[in-house]
Amino acid sequence: MDTLRLLRRYFAASLSAQAQYPGTTFLMTFGAFAVTFIDIFAIAALFSRFGKVRGWSFGEVALFYGLVSISFAISDFLTRGFDVLGTEFIRTGNFDRVLLRPRSLAVQLIGYDFRLRCLGRMTQGLVVVAIASQALHFHWTPAALALAAWTVAGGVALFFGLLVLQATLSFWTIEGLEVANVLTYGGVQAAQFPLSLYAPWFRGFLTFVVPLGCVAYFPVVALLGRHDPLGAPDWFLPLSPIFGVVFLAASFWAWRFGVRRYTSTGS
Amino acid sequence: MPQILVEGLAKTYRVAEREPGAWGAVAGLFHRRWRTIEALKGVGFAMERGELVGLIGPNGAGKSTTIKILSGILRPSAGRCEVDGLVPWVQRVKHVARIGVVFGQRTQLWWDLPVIEGFDLLAAIYRVPPDRYRATRDQMVGLMRLERLLGQPVRQLSLGQRMRCEIAAAMLHDPSILFLDEPTIGLDAPSKLAVREFVATLNRERGVTVILTTHDMHDIEALARRVVVIGNGTILADSPYETLRAGVLAERRLHVDFAAEAPAIDIPGVEERARDGRALELAFDPAVVAVPALIARITADHAVEDIRVDEPAIEEVITRFYQLHGAEEA
Amino acid sequence: MEAALRPYLATFSARFQLMLQYRAAALAGFATQCWWGGIHIMVFAAFFAGAGAAARSPISLAQVITYTWLAQGFLSLNPWSGDPDVAAKVRTGAVGYDRLRPVDAYDWWFVNAAAWMTARAAPRAALMFAMTAILFPLAGLSAWAWAPPADLAAALMFTVSMLLVVLLSSSIVMLINICVAATLTDRGVNSFVAPLAILFSGNLIPLPLFPDWARVALFVQPFAGVVDIPFRIYLGQITGWVAWAGLGVQVFWIVVLVGLGRLWMGRVMGRLQVQGG
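Protein chains in written order, with the numbering used here: chain A, 1 to 267; chain B, 1 to 330; chain C, 1 to 277.
Be careful, since some hints might not be right.
In silico negatives: residues of chain C with every beta carbon more than 10 Å from chain A [said to hold, decoys possible]: (1) 5; (2) 8; (3) 13; (4) 53; (5) 97; (6) 98; (7) 123; (8) 142; (9) 147; (10) 148; (11) 205; (12) 211; (13) 216; (14) 221; (15) 236; (16) 240.
Straight-line Cα separation of at most 25 Å, SDA-like style, residue types lysine to any residue; simulated pairs [what the hints assert, rightly or not]: (17) B:94 x A:127; (18) B:94 x A:259; (19) B:94 x A:7; (20) B:94 x A:38; (21) B:94 x A:131; (22) B:41 x A:7.
Partial list, derived from the structure: chain A residues whose beta carbon lies under 8 Å from chain B [as the list claims (entries may be wrong)]: (23) 100; (24) 101; (25) 146.
If you're looking for bench data, these hints aren't it; they were derived computationally from the structure. Heads up, the beta-carbon is just placed ideally off N, CA and C, and yes, glycines get one too.
Just chain A, same shape as in the assembly (with noise of 0.2 Å):
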């Protein structure tokens, strides 16, 4: 499909420029990683102090933790165009542009700018994901890896539909942007830790406003082979990723209402 060439073209496009400033493109990636695989250390330290949490070892919470950092490690990837439509497209005129070309606008805007930086938080969810495989002597079956593959997919949907419904609110307001960083990195915040931990309006809220739930705690649930103890039923937890997707369409629905508004009222 020329759809994933032009997407690969815009990839060499990104790379040949960051591979321009090699030292500070490394650097950042590296802290990226440095960043976020600090957490691991409270999370072991925590677990070492306590010993178990709610019933929950610390492979599992780390297991919990690494597959959310890979879904939003790929979905940042994709996403930076959506991420600063306000400051790089807006506010500068440049969204006409986007609007002048015979593509659709999602694609030129994930074509925008591939960060390398991302793969910091990828190498270190792997890096995670690996010391929860050893700590609970995981055996990774087919099955295993295709429903971790399928819960990544749901996480990537989930986090590519909030970059674009902050991307959808800049039609209408610049200022006061960062809150929805709140639910991004938050929402990986929040995602590590299985949901049992949490108070139960917060936990209604990570299931149906935000089904971050959905992306990460049951699905892993079911990976582990374990049961909900909170008394979700076992055949919702494999399928439960399939929300992170219908967000994302939800999410694209209301984007199609700010470019409508972009195109009434002009720049």
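Please build the complex by placing chains B and C on the supplied structure of chain A, with the hints as guidance.
Just chains B and C, lined up with the frame of chain A:
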């Protein structure tokens, strides 16, 4: 069948009015007052394939609004617009594949990439078949003499160099219409000439329809046979430049350098415009006193070292035109 | 003396007022910090709820909760990155202008950095205090609230310690600034100071919760004085000579880092390359 058809185009904006200061900001949260701005009040014109039209008007007159609607990035409030049979804002993808747009001082090329890589990426975006791309690209590079610039990142180019690459980039997908929005703004004299020549060649040899907006009237002089003037959201004029000038400022100018101090000239139909020692500038209506007759009379009565006949500067004509129609800057 | 201080007071005041204008950012920051604080506290509470958990911890859950709100409230005082003003000056080449002023360049940047951090911290700390120290108890959530200081002595020592935090943080930020000026970009150094600062200050989890064998080492390293030491003084978790030792650790690192910073800055400014144009 005209290529571009515009009828009764209107665009109204609603802008929220707010009292200044902190109290105003808080009050604004509860009660918004709206002000309507009519950017376009019914604009209509048609363009045939291959025409080169200058679109001018004071700031805030509605020029950019018209261009945005024609290019498909803005929806009008009312009216009809068809370009090559397509409605720009409805059939966006098909429409923008056929047009090229150049914004002055802004580049669509990628800042950190060498020019040629930017061209290649554009060819991929516009789905231009490889052999056609290569042919068009080489033609444009040759026309604008871009060979030495191709390997340089765009951020290292001067404004003039960037503009030449910019116009070339806009042509890579062989559009049938080219919108140029202030293409010579900020350029030095040689670059302006180069850009004008480039555009003229594109229009003449490739038959590209060109719509040019500019504040530099010399662009108009050099390129546009037909001029469309927009002021106060309406079309004030749509004619060849000669016709417009004749309707505004039919006078011609005579510049004379006398051998001695410039004398007072008393000829009916002739007015003194400026005087500086031995130099004199006169304005006259060629319908009342013909050029040869006037020259003959002056040289007969006085010793003259140099004489020059010209028209009022185009800026003067246009400014006068705006004033006549009450269409000064909004 | 007063006259010598005037330019510094002026720049502090100006920068402080400028930062206070960013209201939307302050609100957004506050919302983020509430979220983070809330999640951390829920997680801590879950760990402490385990059987015999309280006995295995040198610090109680209530103390951890207050510690967390304090840490979130004063988050902007953390030395995570260099002063963005300095980065901008380095980018545009305007950094040379600072050498033209009749003031000491190190002191100038130091005072500016201090103003930048305190101006960002003030509204967020105030909001956090209002919500978690006042509203929560009123709403019956005292167990989750920002508790008052252990006693008057703790409160007084805490105040002194917080002043030292500003100085300590500024001295670390100065080192980052000088690094930015030396390398002509802010991208590199900002990337690796933040993880170190977050981990070793106590921002991630209170330092006492780390393994006991690391306790002394964690106490004497420079970042401890940015979060852990002042807040444990507030909680009365460290008192007496240990608290004074904590202040001493802060002062020690201020002196060392300022000294190092001045030396380094002299060298860097000397061979300053002017970039941009």
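Here's how the hints hold up against the structure:
no. : hint         : verdict
1   : 5            : holds (35 Å)
2   : 8            : holds (31 Å)
3   : 13           : holds (25 Å)
4   : 53           : violated (5 Å)
5   : 97           : holds (25 Å)
6   : 98           : holds (24 Å)
7   : 123          : holds (14 Å)
8   : 142          : holds (16 Å)
9   : 147          : holds (20 Å)
10  : 148          : holds (24 Å)
11  : 205          : violated (5 Å)
12  : 211          : violated (6 Å)
13  : 216          : holds (16 Å)
14  : 221          : holds (14 Å)
15  : 236          : holds (21 Å)
16  : 240          : holds (25 Å)
17  : B:94 x A:127 : violated (47 Å)
18  : B:94 x A:259 : holds (18 Å)
19  : B:94 x A:7   : holds (20 Å)
20  : B:94 x A:38  : violated (50 Å)
21  : B:94 x A:131 : violated (52 Å)
22  : B:41 x A:7   : violated (42 Å)
23  : 100          : holds (5 Å)
24  : 101          : holds (6 Å)
25  : 146          : violated (34 Å)
Violated hints, listed in ascending order, are 4, 11, 12, 17, 20, 21, 22, 25; each of the other numbered hints is respected by the structure.
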